[in-house]
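A.B. asks: Next come the chains, spelled out residue by residue.
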Amino acid sequence: MVIFSLFVSIVFAALTRDDPREQIVFGARLLGGFIGAGILIGWLLYPLPL
Amino acid sequence: MRAAAADRTQTPSLTYLLCAVAWFVPGAGHLWLGRRQKGIVFLVALTLMFAFGLWLEGRLFPFDLTQPLVALSAFADLGVGGPYFVARLMGVGRGDVVAITYEYGNTFIIAAGLLNMLVVLDVFDIAKGRK
Chain L
1 MVIFSLFVSI VFAALTRDDP REQIVFGARL LGGFIGAGIL IGWLLYPLPL
Chain E
51 MRAAAADRTQ TPSLTYLLCA VAWFVPGAGH LWLGRRQKGI VFLVALTLMF AFGLWLEGRL
111 FPFDLTQPLV ALSAFADLGV GGPYFVARLM GVGRGDVVAI TYEYGNTFII AAGLLNMLVV
171 LDVFDIAKGR K
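Same order as they appear, the protein sequences are chains L and E. For the first sequence, position 49 (counting from the first letter as 1) is numbered 49 according to the working numbering, and the numbering increases by one without interruption. Plus 50 on top of the position in the second sequence (first one is 1) and you've got the working numbering.
Each hint can be trusted.
EDC-like cross-link-like pairs, simulated, lysine to aspartate or glutamate; straight-line CA separation at most 20 Å: (1) E:K178 to L:D18; (2) E:K181 to L:D19; (3) E:K181 to L:D18; (4) E:K181 to L:E22.
Just so you have them, the derived chain L footprint on chain E, three or more residues with Cβ under 8 Å: (5) 82-91; (6) 96-104; (7) 155-165; (8) 168-174.
Don't read these hints as lab results, they were simulated from the structure. If you're wondering where the values come from, they're calculated on a predicted model, not measured in any experiment. Where a beta carbon is used, it is the ideal one built from N, C-alpha and C, also for glycine.
Using the sequences plus the hints, can you model the full thing?
C.D. replies: Structural data, given as structure tokens:
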């Protein structure tokens, strides 16, 4: 999930921002958001039976 | 950073040629338009993502119109362009459905194709002078 998020963040950051510094900041925020959301949703689903 | 080619509007035929090139080789459209940094990022990231998906035993789905979701996945797979045909020619991407990483591999391959479609749209916008 982290590797997938990394690839998607890199591509989205390069697509939506022109300045390299902005790309790094936006990419890092996106990556953090993806990983945070993944962990949050994982815990929310934890009590549900399979 | 931006070259002059990217800052002027391209002719319609050249725009479609750029889109075709951008589809076939991820990042090539940006490289052609002088946006070297973005082009290299797309070339490396999307190709690696696709290769990673194959390594994780992902499948290159067939165009089976009787199964709409399989056909949509096939269309998404094709979005990555050249690497798709290279993988087909090499005989990889058969997918091992019992492998624990099978679904992860499919996700990587499909996402790489869809992201490359977004990259092609970005090239179209740049060529039209919208970006």
